[in-house]
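Novice: These are the residues of each chain, in order.
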Amino acid sequence: MTIYWNSLSDFLAMGGYAGYVWGSFGVTALILVLEPLLVAKRKKETIRRLKRLMHAELRRNPTADSVNTSRNSAE
Amino acid sequence: MSLYRYASPATFYPLAGKLIPAFTALAVLFGLAGLYLGLLVAPTDFQQGEGYRIIFIHVPASWMSMFIYLVMAFWAAIGLAFNTRLSGMMATALAPTGALMAFLSLWTGALWGKPMWGAWWVWDARLTSELILLFLYIGFIALQSAIDDPRRADKAGAVLLLVGVVNVPVIYFSVKWWNTLHQGASVSLTKSPSMASTMLWGMLLMALCFWMYSIAVAFARVRTILLERERHTDWVKELLAGETK
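Just so you know, the protein sequences line up as chains A and B, in that order.
Position 70, counted from 1, in the first sequence is what the numbering used here calls 70; the numbers after and before it change by one each time, with no gaps.
Position 111, counted from 1, in the second sequence is what the numbering used here calls 111; the numbers after and before it change by one each time, with no gaps.
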């Protein structure tokens with residue numbers, strides 16, 4: 001389990017394949033970080049939008065309980 | 001306790017929410033161990049030099065791109081057969097991740113191919129069928145977003161998934177069926193591994209990392225889809241009313 005490389009610059013140079021190796025690992029890391037962030041952003045926006053819809057419905061029909069048993073009541 | 005309970009959106013939503021941190025933690029752990037072995041410990045390849053290290057992400061991404069498609073096709077079949085709501089949502093939630101895995105497979109393959117073959121791209125059976133897989137993912141996403149009614153979008157998407165599933169064995173066996181420039185399978189279940197054990201472990205750990213990542217991100221995405229599609233139900237309204245942020 002010893003480290004294969006002699007120095008950091010050896011490691012970074014990747015035996016002359018630096019652009020190919022780091023281009024692969026870099027883009028992969030970028031995507032694996034960005035995708036969850038985009039998913040989290042969409043969830044936040046969805047919750048905000050659905051809450052707005054729910055409150056708009058309550059204003060239109062204040063007597064109704066916030067939890068309505070009939071489906072399609074928000075439309 | 002029946003398994004059917006977890007097929008109910010109201011039960012699945014909090015369950016998925018609880019499982020996401022666990023799968024994320026596993027993805028990070030497997031990823032760090034895999035990168036340590038693959039980038040720092042594994043010896044060089046006598047033919048490909050250090051450029052071979054690209055396979056530590058190329059192979060896991062390629063496996064996941066095929067596996068996610070099979071899982072989507074499985075949910076599509078369940079959805080068509082039993083008309084379950086959650087299965088269609090699972091397929092929809094997995095599609096972007098599958099498309100990204102197919103893209104990463106092609107991207108890392110191109111960066112490997114240039115120094116090894118002298119070409120970013122060749123119309124080889126393995127590469128071409130993987131490109132078709134990417135198009136299938138994009139086609140599935142485009143088809144679903146073109147149909148307003150989510151239940152109809154699920155059905156149309158399911159048919160596309162089941163027709164396209166024939167492409168997955170074509171990708172997998174392409175290196176056997178045709179004379180391809182692409183090398184044969186890196187890991188075989190029937191033969192003992194030809195590579196150094198640190199290489200093999202590095203690759204398997206990276207594959208586990210990609211697997212855990214895909215589950216975590218698909219669960220996160222399916223929760224948003226659940227909220228959108230179930231917004232008229234009591235459990236979503238209760239949840240939104242209780243949500244403070």
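If you are wondering where the hints come from, they were derived from the structure by calculation, not from laboratory data.
Mixed in with the good hints there might be a few duds.
Stretch-level coverage of chain A by chain B, calculated; a stretch enters the list once three of its residues show a Cβ under 8 Å from a Cβ in chain B [claimed, not checked]:
1) 6-16
2) 29-36
3) 40-54
Computed from a prediction, not measured in an experiment: that's the story for all the values here.
We put the CB at the ideal spot given by N, CA and C, even for glycine.
Novice: Can you tell me if the stretch 29-36 of chain A counts as covered by chain B, using C-beta to C-beta distances under 8 Å and a minimum of three residues?
Specialist: With 4 residues closer than 8 Å to chain B, the stretch 29-36 of chain A meets the three-residue bar; holds.
Novice: Under a C-beta cut-off of less than 8 Å, do 3 or more residues of the stretch 6-16 of chain A approach chain B closely enough to confirm the stated coverage?
Specialist: holds (count 4)
Novice: Between the stretch 40-54 of chain A and chain B, see if three or more residues pass the 8 Å beta-carbon test, and mark the coverage as holds or violated.
Specialist: This one holds; 9 residues, not fewer than the three required, reach chain B with a Cβ under 8 Å.
Violated hints are absent here; each numbered hint is respected by the structure.
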